[in-house]
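**Q** If you want the building blocks of each chain, they are given just below.
There are 2 protein chains.
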Amino acid sequence: MKRPIGVFDSGVGGLTVVKELMRLLPNENIIYFGDTARVPYGIKSKETIVKFSLENILFLLKQEVKTIVIACNTSSSTALPLLKRHFKIPIIGVIGPGVKEAIYATRNKRIGVIATKATINSHAYERQIKRLNPKIKVFNQACPLLVPLAEEGWARRKETRDIANFYLKPMKKSGIDTLILGCTHYPLLKEVLRRVLGNSVRLIDSARQVAYETKEILASEGLLNNKKKQGKYIFYVSDELQQFKKLAKNFLGKDIENLKKVNNV
Amino acid sequence: MKRPIGVFDSGVGGLTVVKELMRLLPNENIIYFGDTARVPYGIKSKETIVKFSLENILFLLKQEVKTIVIACNTSSSTALPLLKRHFKIPIIGVIGPGVKEAIYATRNKRIGVIATKATINSHAYERQIKRLNPKIKVFNQACPLLVPLAEEGWARRKETRDIANFYLKPMKKSGIDTLILGCTHYPLLKEVLRRVLGNSVRLIDSARQVAYETKEILASEGLLNNKKKQGKYIFYVSDELQQFKKLAKNFLGKDIENLKKVNNV
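One line per chain: the protein sequences are A and B, in this order. Following our numbering, the numbering of the first sequence begins with 192 at its first residue and continues without gaps. Following our numbering, the numbering of the second sequence begins with 192 at its first residue and continues without gaps.
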């Protein structure tokens with residue numbers, strides 16, 4: 192089916208998921224929406240995150256998407272259960288895939304989760320891990336300053352290492368062997384996180400697993416695009432284009448084309 | 192006149208202005224709106240900031256305010272000139288008052304301005320300083336990480352000092368004797384800024400001057416409230432109440448009462 196896959200995020204972070212979708216499903220058309228006028232979501236309340244997510248979904252539905260990927264941990268953890276009840280088309284979040292990969296990776300059954308305040312407060316990761324394996328111990332840490340540090344391009348600065356160290360110290364003590372990067376911005380900080388935690392801790396970035404799950408769901412619903420043509424990509428944002436373009440390269444690994452502003456949110 | 196003074200900000204920072212208004216004009220009724228669902232403004236584009244500011248003004252006009260104070264540097268620097276053209280009631284921003292106080296304070300005619308990206312990019316401070324005194328040298332620095340650090344309550348942490356030091360190093364070298372705190376969050380970081388810059392640099396926080404200017408304008412337009420009763424205060428936010436309540440105490444210096452959520456933005 193030619194209809195596009197719809198992806199949304201509060202901003203630019205969800206492009207890490209788009210990158211993996213492009214790689215795994217090169218024939219699929221993708222429409223991305225980044226809500227850059229109202230970013231960030233992670234410091235806001237459940238009610239507001241649900242409202243914004245709902246509006247984003249309605250926008251993507253107008254673009255005739257065949258499935259929706261919520262490439263935002265905050266929205267996936269806070270709004271997805273509610274949204275799934277209301278809509279017929281498949282909606283895929285980033286929590287489940289991340290959880291599966293982390294459970295597969297851990298040896299000592301001690302998993303850490305770092306994320307925004309809203310994601311940590313939702314307990315979504317903890318609940319899903321416990322449901323699949325109640326014996327696993329989960330250690331949570333909200334890291335609200337990591338998003339602005341990543342957006343500022345401060346990934347390699349000493350101050351970022353100090354702040355990451357402050358956030359991760361309790362986790363390091365608790366002896367985790369696996370850490371879920373519960374925010375799509377955090378893959379940009381992999382290097383500093385590795386430096387703080389050491390090589391023995393496996394870092395789980397759910398983007399690839401989300402792409403696999405999307406492929407599986409499209410296949411099982413008979414929605415895959417069987418055309419052999421290269422997929423087309425359109426990117427929409429709610430704020431202006433330049434800042435997004437600049438940041439996008441870091442996340443997508445290449446320049447962004449076909450970028451448009453929408454005023455509907 | 193009994194009608195209230197309307198004040199808005201992108202979030203909680205504008206309460207530093209409300210605090211001074213309460214002190215200087217104890218009989219005035221005040222209605223505050225904090226756009227906490229869409230905070231922050233400082234990383235967004237002019238077009239988006241103008242749109243949000245306009246919506247905030249329309250909300251306050253519905254509350255029958257007699258004047259509007261934009262207690263947000265980003266909105267004052269980016270949107271105020273345009274908004275002033277459209278509305279009849281007096282609209283007071285924070286840039287002019289801060290500039291006046293800084294020009295009064297400087298001895299060596301070297302003034303620094305720290306603010307959000309949007310405020311620095313607007314050149315509003317620089318332009319207004321030069322208009323009043325073209326001989327003054329202005330040194331600008333966007334400090335995007337200071338808002339999240341202040342909101343996290345990290346004012347006394349070493350990491351904040353390191354980051355402030357990084358931002359202010361060029362300014363220190365340039366020999367300023369006066370620094371405009373061009374964002375309503377920065378007064379919370381006064382102590383760390385003083386530690387980084389030393390006691391010889393005067394820190395200008397425009398809140399008090401904004402209150403004086405508001406009083407002057409109300410007086411000249413015959414809009415002062417002559418009733419001897421203590422003013423009433425209503426606070427509105429666009430996101431949930433608890434987080435705002437918690438932060439508000441830091442800015443207002445006392446507990447907040449009469450706080451309501453609105454869904455209209």
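Bear in mind the hints are in silico, worked out from the structure with no lab data behind them. Treat the hints with care, since some could be wrong.
Computed list of lysine-lysine pairs in DSS-like fashion (alpha-carbon distance at most 30 Å, straight line) [unchecked claim]: (1) K237(A) / K406(B); (2) K349(B) / K326(B); (3) K364(A) / K418(A); (4) K364(A) / K237(B); (5) K440(A) / K437(B); (6) K440(A) / K308(B).
Among the chain A residues that face chain B by a calculated CB cut under 8 Å, a handful are [claimed, not checked]: (7) R229; (8) K235; (9) E238; (10) T239; (11) V241; (12) P335; (13) P339; (14) E343; (15) D353; (16) I354; (17) F357; (18) S365; (19) G366; (20) D368; (21) D430; (22) E431.
Each residue gets a CB set at the ideal place from its N, CA and C atoms; glycine is no exception.
**Q** Please go over all the hints and tell whether each is borne out by the structure.
**A** Outcome of the hint check:
1. K237(A) / K406(B): violated, 39 Å
2. K349(B) / K326(B): violated, 37 Å
3. K364(A) / K418(A): Roughly 51 Å separates the two Cα atoms, so the pair is violated.
4. K364(A) / K237(B): Cα-Cα ~46 Å, so violated.
5. K440(A) / K437(B): Not satisfied, since the Cα-Cα distance of roughly 37 Å exceeds 30 Å.
6. K440(A) / K308(B): Holds: K440(A) and K308(B) sit about 20 Å apart, inside 30 Å.
7. R229: holds, 5 Å
8. K235: OK, holds: K235(A) within 8 Å of chain B, min 5 Å.
9. E238: holds, 6 Å
10. T239: With a closest approach of 5 Å, the T239(A) hint holds.
11. V241: violated, 12 Å
12. P335: Hint on P335(A): holds, closest Cβ of chain B at ~6 Å, below 8 Å.
13. P339: At 5 Å from the nearest chain B Cβ, P339(A) passes the 8 Å test, so the hint holds.
14. E343: Hint holds; E343(A) Cβ to chain B Cβ min 6 Å, cut 8 Å.
15. D353: holds, 5 Å
16. I354: holds, 5 Å
17. F357: Constraint on F357(A) satisfied, holds at 7 Å.
18. S365: Status violated, d = 22 Å.
19. G366: Nearest chain B Cβ about 25 Å off; hint violated.
20. D368: violated, 27 Å
21. D430: Check passed: Cβ of D430(A) comes within 5 Å of chain B, closer than 8 Å.
22. E431: Status holds, d = 4 Å.
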